[in-house]
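Trainee: One-letter residues, chain by chain:
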Amino acid sequence: MELEEMQAIWSQMSDQIENQKKLTNKLIMEMTQERFKNKIGIISKYEGMGALICFAAAILILFQLSKLDTWYLLISGIFTIAYLIFLPIYILRSINTMKRINIISNTYKETLIEYAKNRKQFLFSQRLGIYLNFILMIVSLPVIIKLFKDEDIFVTNVEVLYWYIPIMTLFLIFFSKWGYGKYKRLTASATKILEELQEPKTLS
Amino acid sequence: MNKEETFIRLIKKNEGIIYKITKVYTHTSNDQKDLYQEIVYQLWKGFDSFRGDAKVSTWMYSIALNTALLYSKKEKRRGYNISLDNVFLKEENYDPVLEERLKIVYSQIKNLGDIDKGIIILFLEGKKYEEISKITGLTVSNVGTRMGRIKEKLKTYIIKK
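Protein chains in written order, with our numbering: chain A, 1 to 204; chain B, 1001 to 1161.
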């Protein structure tokens, strides 16, 4: 379809729409109330709940830190606490940045650029999370066993680590490959938007 | 005239604009209604910041397109919806020939990338390159170049079809 033809159809449609106006005052004002969950401002309940669980676990470990009586258990415990506090904060901040795009004063181009940049940052935080999760799984195991069973896994059950670590490594390789593929595709689409917004060369 | 009355008058005068934008950026009628509410909500939120020195349509297109763009990127999350069923603009009243041709127009626009989609809507709305440039933030020459490319893309699309 040629552009001129599209214009003619569009204008015909516009005329018909003009004759069909039906919004009432009451309905318009209802739409201005934030009575429905507005899509653009919402924080995903999943990320929010995940963060709460992480913080609760961090507090639990923190209060029992004195039980970790060897240097390696203490280091594992501190790493676990730091992870459980900082990663959720980092991810929630990335999400929030995405939601802070100023719809009202931005131009369309600015909105697209901010969206694409924030999206890339968010994807990076998710990717980082995938890798760190596996380190956490390995590091937190001795901490959990010590806190809940009062056993030092390196002394009493060191054989557990012989199968636990290789299995975790296999999972890490598998999920990282899967996650990285997904990450690459999504990041590529955000990058494409940014590239497209460069001044295009004039048509030859 | 108070703020509410002015806003209502503004929306009533321009409800067709919102309708057309929601149609391009959504795929189902539920999403379209949802986006319609979201745009009116964002316009109301930004109403205080709107100053008479800018053109109403420039301000409105800008917020509506930004909202539609971000809405189309979000995953679906259901919230409370106002029933627009009985008052929403209906396409059933169109004549069948126009309806069929409109479907082609919409599908061609939906096939374009995010940037081009915004430009073509404004162009079809009769905006000059200068105003498209103001709303989108692209330079006038960029808008012109992109329009040239859009024309090419539309031709290619027809050939592929």
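Source of the hints: derived by calculation from the structure; they are not laboratory data.
Fair warning: there could be bad hints in the mix.
Computed spacing ranges between beta-carbons, pair by pair [unchecked claim]:
hint	chain 1	residue 1	chain 2	residue 2	range
1	A	Gln33	B	Ser1049	36 to 44 Å
2	A	Met49	B	Asn1002	26 to 34 Å
3	A	Ala82	B	Glu1152	28 to 36 Å
4	B	Thr1006	A	Gln7	15 to 23 Å
5	B	Thr1006	A	Lys22	16 to 24 Å
6	B	Ser1072	A	Ser14	16 to 24 Å
7	B	Lys1012	A	Arg185	23 to 31 Å
8	B	His1027	A	Lys192	17 to 25 Å
Treat the numbers as computed from the prediction; the structure is a model and nothing was measured.
Glycine included, C-beta positions come from ideal geometry on N, C-alpha and C.
Trainee: Provide an ascending list of the numbers of those earlier hints which the structure does not satisfy.
Mentor: Going through the list in order, the structure violates hints 1, 2, 3, 4, 7 and respects the others.
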